[in-house]
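Novice: So you can see what is in the structure, the chains are spelled out below.
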Amino acid sequence: MATIEAWSAETVTALQEGTGAIYPHEWSVWPCLIIAVVFWLWWHFKTSAGETEEHDRVRSENPGRDAHKQHQADW
Amino acid sequence: MDSDIGALTTIFTEFYYWVTVVLMFLIHVGFCMYEVGVSRHKNHLHTLMKNTMLIPLVTVTFFFFGWWIYWAFPNGPWIYHGEGLLLNADGWGGNDLALPWKPIMAVNFNDHIMMVFWAAFLLFSWTAASIVSGSVIERIRTSAFGILAIAIGSVFWVVDASWGWHYNGWMVKMLGYHDAYASGVIHAVAGGFALGILVVLGPRIGKFASDGTPINIGPRNPWMVTLGLFLIYTGFWGFYAACNIPIFDIGADYGIAEAGTTFTATTIYITPTTLSGITANFLMSLAGGLLMGYVVSKGDPFWTYSSGLAGIITASAGNDLYHPLQAMIIAAIGVAIMYKLHYWVERRFKIDDAVGAVAVHGYAGVVGLVICGFVLWGYPSSAYEGYAAINPLGMIAGAVIMFGVLGFLPGWIIASILNAAGKLRIPHEVELAGMDLNVMQASKSDQDAHAAAEH
Numbered sequence: 001m002a003t004i005e006a007w008s009a010e011t012v013t014a015l016q017e018g019t020g021a022i023y024p025h026e027w028s029v030w031p032c033l034i035i036a037v038v039f040w041l042w043w044h045f046k047t048s049a050g051e052t053e054e055h056d057r058v059r060s061e062n063p064g065r066d067a068h069k070q071h072q073a074d075w
Numbered sequence: 076m077d078s079d080i081g082a083l084t085t086i087f088t089e090f091y092y093w094v095t096v097v098l099m100f101l102i103h104v105g106f107c108m109y110e111v112g113v114s115r116h117k118n119h120l121h122t123l124m125k126n127t128m129l130i131p132l133v134t135v136t137f138f139f140f141g142w143w144i145y146w147a148f149p150n151g152p153w154i155y156h157g158e159g160l161l162l163n164a165d166g167w168g169g170n171d172l173a174l175p176w177k178p179i180m181a182v183n184f185n186d187h188i189m190m191v192f193w194a195a196f197l198l199f200s201w202t203a204a205s206i207v208s209g210s211v212i213e214r215i216r217t218s219a220f221g222i223l224a225i226a227i228g229s230v231f232w233v234v235d236a237s238w239g240w241h242y243n244g245w246m247v248k249m250l251g252y253h254d255a256y257a258s259g260v261i262h263a264v265a266g267g268f269a270l271g272i273l274v275v276l277g278p279r280i281g282k283f284a285s286d287g288t289p290i291n292i293g294p295r296n297p298w299m300v301t302l303g304l305f306l307i308y309t310g311f312w313g314f315y316a317a318c319n320i321p322i323f324d325i326g327a328d329y330g331i332a333e334a335g336t337t338f339t340a341t342t343i344y345i346t347p348t349t350l351s352g353i354t355a356n357f358l359m360s361l362a363g364g365l366l367m368g369y370v371v372s373k374g375d376p377f378w379t380y381s382s383g384l385a386g387i388i389t390a391s392a393g394n395d396l397y398h399p400l401q402a403m404i405i406a407a408i409g410v411a412i413m414y415k416l417h418y419w420v421e422r423r424f425k426i427d428d429a430v431g432a433v434a435v436h437g438y439a440g441v442v443g444l445v446i447c448g449f450v451l452w453g454y455p456s457s458a459y460e461g462y463a464a465i466n467p468l469g470m471i472a473g474a475v476i477m478f479g480v481l482g483f484l485p486g487w488i489i490a491s492i493l494n495a496a497g498k499l500r501i502p503h504e505v506e507l508a509g510m511d512l513n514v515m516q517a518s519k520s521d522q523d524a525h526a527a528a529e530h
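These protein sequence lines are chains A and D, in that order.
Per our numbering: the first sequence = residues 1 to 75.
Per our numbering: the second sequence = residues 76 to 530.
Keep in mind that the hints were calculated from the coordinates and are not lab data.
Don't take each hint at face value.
To be verified - Here are the simulated BS3-like cross-link-like pairs (lysine-lysine), alpha carbons at most 30 Å apart as the crow flies:
1. A:Lys69 with D:Lys519
2. D:Lys373 with A:Lys69
3. D:Lys498 with D:Lys117
4. A:Lys46 with D:Lys519
5. D:Lys282 with D:Lys177
6. A:Lys46 with D:Lys498
7. D:Lys117 with A:Lys69
8. D:Lys117 with D:Lys282
9. D:Lys519 with D:Lys282
10. D:Lys519 with D:Lys177
11. D:Lys425 with D:Lys282
12. D:Lys373 with D:Lys425
13. D:Lys425 with D:Lys519
14. D:Lys415 with D:Lys282
15. D:Lys415 with D:Lys425
16. A:Lys69 with D:Lys282
17. D:Lys415 with D:Lys177
18. D:Lys425 with D:Lys117
Stated by the list, open to error - Calculated Cβ distances over 12 Å to all of chain D for the following chain A residues:
19. Thr3
20. Ala9
21. Thr11
22. His25
23. Val29
24. Lys46
25. Glu54
26. Asp56
27. Glu61
28. Pro63
29. Arg65
30. Ala67
31. Lys69
32. Gln70
Beta carbons are placed, not taken as given, at the ideal position from N, Cα and C, and that holds for glycine.
Just need the whole structure built from these sequences, with the hints factored in.
Specialist: The following block contains the structure:
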């Protein structure tokens, strides 16, 4: 069921007298908040793990301070 | 303007749209930087000029006939209750008024809105053409792109806006189509149009190895690419504001005068929203897109920045009503899907989209429309009586019309005609040597002459 089913005088009056929320699925705010927080925290773990993997690869190759100069593309 | 409040509303609205036009200019600065940054050095000047020249071409054709199309075709082709092809509306914005020789299409004592509103739509037209511009770099003839830019910028996106981004549009009335910030009417249609062209145009030389493996080409200047995208984000603020009507008394139009004078910002459908709400949704959908894009692309700058944009585009259809947390999650979903689809289509169909425009705009736009149909299911598409409510089937049908019927199909047909005439793609030898070779030769010659003159 949509939060707003018709833009009518009754709807406008109810909004003005109530919370004024017109976004859909008001029940979903808390689940969405949990999902968003979990996503945010997961992002940190995921990107940190990815960085570690990349750093370990470079460390294992130990290419030296000037290695980047041999890998400059010239498009 | 015969009262203080009337004068204030009119002048504010005039200034409001003017400011959005200025902000939206940044979208085009951004597109120029981003495309030049992606292209190889031997093509970057032609890339710049191809994107630049769509501006005057789309401007004049939008003045000649594009604006008239928007006001003339909301009935669809004899779709809405069998009514005529042309909507012969009276009053402001009627198709009669939008003809280029009409007094209201110039400075006019009795009107303060027409041409700033025209300009806001014009900047959307530029955007539609610029979206296509990036995907076809480094092998399309500038003359061919000019024709394609006019087609998408002054004809086909305008038709789709007339149908689905107009308070009187048949798609709104009959399908409950809802697309507040143009996921479909700009992004999906332009992405589909670009795909139609790419199918005919073919990939750049060397894009695919002999075994069909895609090879990344460039970018020449990754920093310029990302800065360009950042400017597009900035200009996108103007886009969002321009999609709204800043202040409107919905009481009289909606027959709710008994609720009192009710001033609010509205969408193009004259449904209530707030600048405050869309500001939060813009930022949260940008954030959702960036976060997901960084993960799926493993921190690739180009795809991360593109994903921020794709996230906004995915959520745009319903960003007038979503909760910010919903907008963020919807954006993240759209980005994950469009990123995977881009590479699948590239591998499966050998489509060379140099900047991922089909994915960022086309696929993200389509996903956004579909999600909107479910999340906003049951909401009124308008306050006028007799309009269908927003629903998944209507939005899916809308997505097919935007991406396929008004996007892919015309792009493919026009590109095919140009290709058959030998006017679509540059010759093989020119592509290998670089489109800027003449300019570079002249510049080198000047340099040599200058060096000789110095001695």
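Novice: Beyond 12 Å from every Cβ of chain D: is that where the Cβ of lysine 46 of chain A lies?
Specialist: The claim is violated: lysine 46 of chain A sits with its nearest Cβ about 6 Å from chain D, within 12 Å.
Novice: Next pair to validate is lysine 117 of chain D with lysine 69 of chain A; report whether the Cα-Cα distance is within 30 Å.
Specialist: Roughly 22 Å between the alpha carbons, so the hint for lysine 117 of chain D and lysine 69 of chain A holds.
Novice: Just double-check glutamate 54 of chain A for me: nearest Cβ-Cβ distance to chain D has to come out over 12 Å.
Specialist: Contrary to the label, glutamate 54 of chain A does not stay out of reach of chain D, its closest Cβ about 8 Å off (not over 12 Å).
Novice: Classify the label on lysine 69 of chain A as holds or violated, using whether its beta-carbon is more than 12 Å from each beta-carbon of chain D.
Specialist: holds (17 Å)
Novice: Is lysine 69 of chain A within 30 Å of lysine 519 of chain D, Cα to Cα?
Specialist: holds (27 Å)
Novice: For aspartate 56 of chain A, is the shortest beta carbon distance to chain D beyond 12 Å?
Specialist: With a cut-off of 12 Å, aspartate 56 of chain A remains clear of chain D, as the shortest Cβ separation is near 15 Å.
Novice: CA of lysine 373 of chain D to CA of lysine 425 of chain D, is that 30 Å or under?
Specialist: holds (23 Å)
Novice: For the pair we were handed, lysine 498 of chain D and lysine 117 of chain D, check the Cα-Cα distance against 30 Å.
Specialist: Between lysine 498 of chain D and lysine 117 of chain D the Cα gap is close to 21 Å, so the pair holds against 30 Å.
Novice: Quick check for students: does the CB of threonine 3 of chain A sit more than 12 Å from each CB in chain D?
Specialist: Threonine 3 of chain A is in fact no farther than 12 Å from some Cβ atom of chain D, at 8 Å.
Novice: Since histidine 25 of chain A was said not to touch the interface, does its Cβ keep a gap of more than 12 Å from each Cβ of chain D?
Specialist: violated (7 Å)
Novice: Are all C-beta atoms of chain D more than 12 Å from that of glutamine 70 of chain A?
Specialist: holds (18 Å)
Novice: Report holds if the minimum CB distance from alanine 67 of chain A to chain D is greater than 12 Å, and violated otherwise.
Specialist: holds (19 Å)
Hints 4, 5, 6, 10, 13, 17, 19, 20, 21, 22, 23, 24 and 25, counting from the list given before, are not met by this structure.
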